[in-house]
Amino acid sequence: MVFFALSFADCLLGLILSSIRLHAVEVDFPLYHNSNRSLKKSMLAMSTKGNFARDSLNRVTVRALNDLNLTLEQGDRIGLVGANGAGKTTLLRVLAGIFEPTRGKIEIEGRVTAILDASVGLDQDSTGRENIILRGMYMGIHPREMRAYVDEIVAFADLGSHIDMPTRTYSSGMLVQLAFAISTCIPPEILLMDEWLAAGDARFLANARKRMSDFVSRSSILVFASHSMSLLREWCNTGLYLDHGQIIAAGPIDEIIESYERLANS
Amino acid sequence: MQISMEAAAGAAWADDVDRSAAARWTKATADLWEGLQKYWLWGTMALQDIRLRYRGSIIGPFWLTLNTSIMVGMMGVLYPHLFHTTARDYLPYLAIGMVVWQFIQTVINESGWTFWIAQNVILQMPLPFSIYVYRMVARNLMILGHNCIIVPAILIILQVPIGLSALMAIPALLMLILNGVWIGMFFGIVCARFRDVSPILTNIVQVLFFGTPIFWDPAALGKWQFLVAFNPLFDAVDVIRAPLIGKPVADLSWPILLVVTGVGSIGTLWFFSRFRSRIAYWV
Numbered sequence: 003m004v005f006f007a008l009s010f011a012d013c014l015l016g017l018i019l020s021s022i023r024l025h026a027v028e029v030d031f032p033l034y035h036n037s038n039r040s041l042k043k044s045m046l047a048m049s050t051k052g053n054f055a056r057d058s059l060n061r062v063t064v065r066a067l068n069d070l071n072l073t074l075e076q077g078d079r080i081g082l083v084g085a086n087g088a089g090k091t092t093l094l095r096v097l098a099g100i101f102e103p104t105r106g107k108i109e110i111e112g113r114v115t116a117i118l119d120a121s122v123g124l125d126q127d128s129t130g131r132e133n134i135i136l137r138g139m140y141m142g143i144h145p146r147e148m149r150a151y152v153d154e155i156v157a158f159a160d161l162g163s164h165i166d167m168p169t170r171t172y173s174s175g176m177l178v179q180l181a182f183a184i185s186t187c188i189p190p191e192i193l194l195m196d197e198w199l200a201a202g203d204a205r206f207l208a209n210a211r212k213r214m215s216d217f218v219s220r221s222s223i224l225v226f227a228s229h230s231m232s233l234l235r236e237w238c239n240t241g242l243y244l245d246h247g248q249i250i251a252a253g254p255i256d257e258i259i260e261s262y263e264r265l266a267n268s
Numbered sequence: 005m006q007i008s009m010e011a012a013a014g015a016a017w018a019d020d021v022d023r024s025a026a027a028r029w030t031k032a033t034a035d036l037w038e039g040l041q042k043y044w045l046w047g048t049m050a051l052q053d054i055r056l057r058y059r060g061s062i063i064g065p066f067w068l069t070l071n072t073s074i075m076v077g078m079m080g081v082l083y084p085h086l087f088h089t090t091a092r093d094y095l096p097y098l099a100i101g102m103v104v105w106q107f108i109q110t111v112i113n114e115s116g117w118t119f120w121i122a123q124n125v126i127l128q129m130p131l132p133f134s135i136y137v138y139r140m141v142a143r144n145l146m147i148l149g150h151n152c153i154i155v156p157a158i159l160i161i162l163q164v165p166i167g168l169s170a171l172m173a174i175p176a177l178l179m180l181i182l183n184g185v186w187i188g189m190f191f192g193i194v195c196a197r198f199r200d201v202s203p204i205l206t207n208i209v210q211v212l213f214f215g216t217p218i219f220w221d222p223a224a225l226g227k228w229q230f231l232v233a234f235n236p237l238f239d240a241v242d243v244i245r246a247p248l249i250g251k252p253v254a255d256l257s258w259p260i261l262l263v264v265t266g267v268g269s270i271g272t273l274w275f276f277s278r279f280r281s282r283i284a285y286w287v
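Sequences listed follow chains A and B, in order. Using our numbering, the letters of the first sequence correspond one by one to residues 3 to 268. Using our numbering, the letters of the second sequence correspond one by one to residues 5 to 287.
Keep in mind that the hints were calculated from the coordinates and are not lab data. Hints are supplied without guarantee of correctness; some may be wrong.
To be verified - Some chain B residues judged to face chain A by a derived CB distance under 10 Å, without partners named:
id	residue
1	Ala-34
2	Glu-38
3	Ala-50
4	Ile-54
5	Asn-124
6	Ser-277
7	Ser-281
Where is the CB? At the ideal position from N, CA and C, for every residue including glycine.
Please construct the entire structure, taking both the sequences and the accompanying hints into account.
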């Protein structure tokens with residue numbers, strides 16, 4: 003058992019400010035044999051290295067998350083590490099409310115902003131500027147409200163004249179810059195980020211990091227999954243090591259990365 | 005951050021209120037309502053769907069108008085001879101029947117794809133699931149809007165008298181929209197789980213086209229004519245078509261359509277509340 007003592011003040015603030023609580027959360031993916039989805043099935047089977055079970059109806063399931071108990075409080079900047087198929091993205095999707103856990107309970111205080119994918123909600127044939135409104139809609143923001151943020155987003159995305167070109171012409175790094183600028187235009191209370199951020203260039207990453215530290219100092223929570231150890235060291239203060247859907251270690255980010263690299267290389 | 009790694013800590017109480025029928029019901033109705041309020045999102049999605057389908061095309065979605073016009077025009081010339089009637093009687097009947105049928109047909113055919121084609125959004129953005137259903141219905145309504153241009157054209161050219169009773173087509177259309185929503189939701193969920201249902205559905209609808217009096221008169225069935233009323237697809241066409249061409253709606257069309265709508269909507273509401281949380285796992 004790993005336990006981080008919080009100061010009394012932290013506990014008090016945690017009651018009011020953003021927090022995430024997972025109680026015995028389990029996620030089972032059903033695999034349907036007689037369905038026409040063998041590719042997906044075999045990919046899941048490969049990536050999770052055979053973490054299978056059978057559920058009550060005798061369906062084969064793969065356990066993506068196993069009995070997760072976790073409390074995140076304001077100021078936590080969590081870095082998720084683990085091999086492919088360890089459950090990082092699944093955990094982010096559970097936190098985002100996309101997957102309802104098959105068992106267990108999740109309690110979230112605060113507005114969740116999930117940027118799990120850079121390209122969702124972007125129309126390839128519309129310009130970057132038009133896409134700001136569009137992506138805003140996918141984030142649940144009314145176009146009228148979104149218009150107020152356009153200038154600020156354009157400035158932060160820092161794409162120069164490209165902002166008025168169709169996003170079809172963008173590089174993946176530029177897409178990331180635009181998506182990040184849009185997604186964080188309203189300061190998130192809980193920010194969930196997957197892998198893709200690493201596609202940004204050094205200048206953008208520096209800007210993004212500055213923006214992030216602003217959020218976190220304003221009582222936000224960051225959960226960031228990445229394979230880039232340098233980014234994780236820079237952005238996060240706490241590491242969570244996932245393996246086969248279980249937390250096998252948690253603690254200061256440097257220690258966790260160390261143990262992850264030691265295990266991965268052994 | 006606190007982490008407890010004690011296995012099964014609290015597992016006993018973890019399966020609690022969140023999964024009760026009442027909690028599911030609340031979530032399902034909230035989903036439907038929140039989705040409805042985001043009309044700007046599904047409206048835009050529907051527009052984009054159409055734009056994408058006709059990208060680079062000069063007349064764009066008016067291809068639909070043209071297709072329907074050609075189809076109706078051809079059948080309108082040929083079939084009056086087969087059915088021993090006049091084009092003046094037959095054309096409005098056929099045109100409205102075809103336009104409404106195409107709406108019904110594409111709604112049913114695309115219902116199986118409601119969630120499936122939205123897979124990438126569903127897995128990245130937490131949005132109400134009902135959004136994808138509204139999007140499908142809205143898209144088909146926009147297509148209906150392009151298709152139905154030929155209806156007033158035909159009614160005017162053939163000088164079909166239009167009375168106030170034609171207004172009854174409006175509640176009839178609303179009824180069709182409501183049915184589109186439950187159909188999109190129901191089959192969207194079923195087909196997310198069972199991919200084979202979608203092609204089966206397409207085949208059934210294809211066959212029903214010939215079995216439903218769209219381009220032929222139910223009177224041709226003679227003493228079996230009463231059976232037609234029990235085909236809800238005919239009822240759906242009839243409640244819109246009859247008032248527009250100044251004919252009485254068949255006695256059983258509205259009652260049976262209302263029963264189908266009621267049973268379908270309530271059944272689907274239960275179904276949705278039961279399986280809503282599984283959709284993301286199935287797509």
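Checked hints:
The interface hint given for B/Ala-34 is broken, as the beta carbon of that residue sits about 12 Å from the closest beta carbon of chain A, more than 10 Å. Contact between B/Glu-38 and chain A, as hinted, is supported at the beta carbon level, the nearest pair being about 9 Å apart and thus within 10 Å. Because the beta carbon of B/Ala-50 sits about 12 Å from the nearest beta carbon in chain A, more than 10 Å, this interface hint is broken. With 10 Å as the threshold, the beta carbon of B/Ile-54 stays out of range of chain A, its nearest partner Cβ sitting at about 13 Å, so the hint is violated.
Annotation: B/Asn-124 was flagged as interfacial toward chain A, and the flag holds, the nearest CB pair being 6 Å apart, inside 10 Å. Interface restraint check for B/Ser-277: the shortest CB-CB distance to chain A comes to about 13 Å, outside 10 Å, so the restraint is violated. Taking 10 Å as the C-beta contact cut-off toward chain A, the hint placing B/Ser-281 at the interface holds, the least distance being around 4 Å.
In the structure shown, a violation is registered for the earlier hints numbered 1, 3, 4 and 6, in ascending order.
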